Amino acid sequence: MRRGAWHQFGDRSQKLALEQLQNGIGVGVILSPRDLSYDNAKKYAAQYHALGAELVIDQQFYVPSFSNKNLESYPTSQYRVAASCLHQLTDAQLANLSRGLQEINKGVAANAIIAPAVVYEAGRPDIVALNAKLFSAARSVGDTLGVPTLATVVLGNSVTAADQTVQTALSQATALNADGWYFAFEFSSERVPAMRDRVLRCCVAGLALACTAKPVLHAFAGPMGLLSFGFGATGAGIGHSQNLWHFSRSRWGPSDGQGGGGDAPARFFSAALWGTIVHPDETAQLPQGVRNQVLTPSPYVSPWNRWQANKHLVHVICTTLSGVAAQANARVCAQSAVSILTQARTLHTAVAASGVALCDGTNTYQQNWLSAVGDLLTQRADEFAFLELL
Amino acid sequence: MPFVVHLSDAQKAYPEYRFVAALTPSEQKAAFHVRDAAGQDLCLKIISPIYDPQRLTREVQALQAIKHPNVAGFREYTFSSSPTCQRHHIVEEFISGQDLTAHLLPGQPWQRPKAHSFFASLCDGLDVLGINAIVHRDLKPSNIRVRADGSPVIIDLGLARHLTQADITNTSDGARIGTPLYFAPEQFQGTKHDIDHRTDLFAVGVMLYQSLVGEHPFWDGKSRASLSDRVCRSNDHLAAPGFMSLPDQWRLLTSKLLEKERVNRPRSASQVATILRKIGGV
Chain A
1 MRRGAWHQFG
11 DRSQKLALEQ
21 LQNGIGVGVI
31 LSPRDLSYDN
41 AKKYAAQYHA
51 LGAELVIDQQ
61 FYVPSFSNKN
71 LESYPTSQYR
81 VAASCLHQLT
91 DAQLANLSRG
101 LQEINKGVAA
111 NAIIAPAVVY
121 EAGRPDIVAL
131 NAKLFSAARS
141 VGDTLGVPTL
151 ATVVLGNSVT
161 AADQTVQTAL
171 SQATALNADG
181 WYFAFEFSSE
191 RVPAMRDRVL
201 RCCVAGLALA
211 CTAKPVLHAF
221 AGPMGLLSFG
231 FGATGAGIGH
241 SQNLWHFSRS
251 RWGPSDGQGG
261 GGDAPARFFS
271 AALWGTIVHP
281 DETAQLPQGV
291 RNQVLTPSPY
301 VSPWNRWQAN
311 KHLVHVICTT
321 LSGVAAQANA
331 RVCAQSAVSI
341 LTQARTLHTA
351 VAASGVALCD
361 GTNTYQQNWL
371 SAVGDLLTQR
381 ADEFAFLELL
Chain B
1 MPFVVHLSDA
11 QKAYPEYRFV
21 AALTPSEQKA
31 AFHVRDAAGQ
41 DLCLKIISPI
51 YDPQRLTREV
61 QALQAIKHPN
71 VAGFREYTFS
81 SSPTCQRHHI
91 VEEFISGQDL
101 TAHLLPGQPW
111 QRPKAHSFFA
121 SLCDGLDVLG
131 INAIVHRDLK
141 PSNIRVRADG
151 SPVIIDLGLA
161 RHLTQADITN
171 TSDGARIGTP
181 LYFAPEQFQG
191 TKHDIDHRTD
201 LFAVGVMLYQ
211 SLVGEHPFWD
221 GKSRASLSDR
231 VCRSNDHLAA
241 PGFMSLPDQW
251 RLLTSKLLEK
261 ERVNRPRSAS
271 QVATILRKIG
281 GV
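Residue numbers (the working numbering), protein chains in the order written: chain A, 1 to 390; chain B, 1 to 282.
Honestly, the hints are just simulated from the structure, not real lab data.
These numbers come from a predicted model, not from an experiment.
Every residue gets a Cβ at the ideal spot worked out from N, C-alpha and C, and that includes glycine.
Hints are not guaranteed to be accurate.
[What the hints assert, rightly or not] List time: in silico DSS-like cross-link candidates among lysine-lysine, alpha-carbon distance up to 30 Å:
no. : chain 1 : residue 1 : chain 2 : residue 2
1   : B       : K260      : A       : K133
2   : A       : K214      : B       : K222
3   : B       : K260      : B       : K278
4   : A       : K106      : A       : K42
5   : A       : K311      : A       : K69
6   : B       : K192      : A       : K214
7   : A       : K214      : B       : K67
8   : B       : K222      : B       : K278
9   : B       : K278      : A       : K133
10  : A       : K214      : B       : K12
[As the list claims (entries may be wrong)] A short, non-exhaustive set of chain A residues, derived as facing chain B with CB atoms under 8 Å:
no. : residue
11  : G107
12  : A109
13  : L170
14  : T174
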């Protein structure tokens with residue numbers, strides 16, 4: 001698996017990913033069948049491969065009964081049923097699911113198979129058994145196509161609430177004979193994960209997976225991708241939509257309307273703040289020196305509009321992550337994240353001192369992330385040392 | 001209770017072999033050092049009638065694929081029944097020498113180069129089992145023979161795989177404590193679904209600790225309940241002076257092998273062997 005930022009697909013992402021890859025931004029693409037028909041997936045996959053990107057397709061069985069027009073276009077659509085029905089799949093049906101997965105992954109020339117899996121929940125051995133069953137269907141595809149098979153390890157809220165439940169779920173998930181891990185951690189519905197303990201727990205979980213010496217693709221990382229390489233991930237999934245900034249099952253639930261934020265001004269993702277700021281409204285209020293620090297350059301700052309803002313965000317996050325991922329090992333990557341977040345805290349302090357209160361409250365999580373990564377480095381020093389031994 | 005077959009009865013049942021000596025029996029088999037007509041030394045194991053032949057047959061098919069210097073060579077499995085005679089046995093390579101029990105002596109830690117070489121080879125053998133999807137589940141010093149050149153050989157592999165969890169945990173406490181000395185936490189408190197290759201690695205960790213420190217990490221001479229409690233909850237072994245005095249990398253590897261949660265242990269025996277070879281005998 002290529003190391004660096006992966007474009008995580010959301011709605012209307014295909015051209016954005018294409019443009020970024022043409023500019024050398026990002027090393028891979030994670031396709032989302034929820035957001036892309038099968039025919040389009042094949043069409044764009046060929047273009048991504050032509051640009052040198054690796055590609056995987058997330059089967060998205062997180063809410064297994066969810067379906068939409070795009071999902072219905074895939075040969076596995078008949079298996080988009082309630083988990084209770086998936087439990088009852090016969091060997092023949094499982095073989096048929098496997099054939100469907102093979103057709104899809106072959107169709108997009110996937111570089112690795114992402115096994116379908118439902119979200120792990122605490123105290124649910126039935127889910128462990130179901131995911132093992134689904135993994136076996138994917139494993140046979142990987143073996144047939146000669147590509148690695150990644151087990152999907154998405155830890156649900158009931159798991160992520162406590163350290164012990166995370167450990168138990170990971171012990172169960174890592175019993176699978178996988179070549180790597182497609183990892184996500186469910187957070188509460190905040191815009192960017194901000195709760196220190198949960199962020200630390202996510203990092204500890206990722207580090208445990210990395211210590212298996214198998215690649216970890218941190219899915220739905222978004223801005224938190226800054227921490228991914230510090231816990232040993234090989235790749236981090238980056239997307240422009242806020243609902244790709246942490247794993248949320250609401251993406252696979254009924255739509256709550258048009259969305260899109262109305263006429264709100266475009267947000268500007270600042271690498272220096274490691275967060276967004278309303279631009280130009282808020283940045284205009286800043287003293288010149290602070291504003292210059294806040295305004296991270298990219299090819300997409302002019303003309304400034306919401307779609308440019310999306311491209312700018314992906315560009316800035318991917319570029320920064322590329323620098324972090326190039327560090328020698330996970331410990332140094334974590335230290336890089338600490339350095340970036342420390343500078344972000346300083347700049348947020350300068351912004352606050354200038355009298356500007358960020359309306360999105362995007363200065364709330366950096367300190368918690370700093371604290372979490374600091375604790376990761378000290379409390380998990382043995383794991384970092386172990387990773388360095390591998 | 002061990003499954004005991006008297007030497008004379010065994011000799012009558014298997015006249016084609018010359019029975020040299022009875023070996024330590026287990027609950028599942030009576031074992032003998034035998035010599036075949038060609039003069040080759042072998043280990044013949046008569047299987048207890050409590051075993052399901054079909055399950056054993058499936059397991060044996062997997063074992064037949066394994067050929068490795070650190071795993072006892074499998075030669076033959078026979079189950080036959082006639083009105084006058086029933087034969088149900090396994091023939092394996094006979095490993096002369098002692099088992100590891102004789103080498104892990106209290107208060108006599110090994111030199112690290114010896115530990116490095118021995119456990120790296122042991123993990124090589126264990127890795128072959130892992131590749132063949134076999135979990136030993138009963139790895140312990142008495143199931144590891146030490147050849148004259150000091151290299152380890154895993155014996156009795158596979159049979160323990162058929163144990164149900166209830167069977168595994170039925171061993172009583174006190175002086176009769178045997179296998180539980182090498183149990184992982186999931187063997188004390190989990191279900192059979194929680195047992196995988198990392199369960200065997202915990203046992204490797206216990207033996208590695210014994211070899212390096214000269215004492216068992218969890219056994220305090222009291223009871224099975226106390227042992228279980230220490231295996232599942234205590235990290236006192238990490239503060240033992242003999243352990244604390246080890247070089248960092250040895251402490252790190254040993255403590256990782258002895259992690260309570262499987263996810264925090266090394267992923268495979270191959271990983272452990274690789275690390276041991278990186279550390280070297282320093």
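To see whether the hints hold, each was checked on the structure:
no. : hint              : verdict
1   : K260(B) x K133(A) : holds, 26 Å
2   : K214(A) x K222(B) : violated, 41 Å
3   : K260(B) x K278(B) : holds, 25 Å
4   : K106(A) x K42(A)  : holds, 9 Å
5   : K311(A) x K69(A)  : holds, 26 Å
6   : K192(B) x K214(A) : holds, 25 Å
7   : K214(A) x K67(B)  : holds, 27 Å
8   : K222(B) x K278(B) : violated, 38 Å
9   : K278(B) x K133(A) : violated, 37 Å
10  : K214(A) x K12(B)  : violated, 54 Å
11  : G107              : violated, 31 Å
12  : A109              : violated, 29 Å
13  : L170              : holds, 4 Å
14  : T174              : holds, 5 Å
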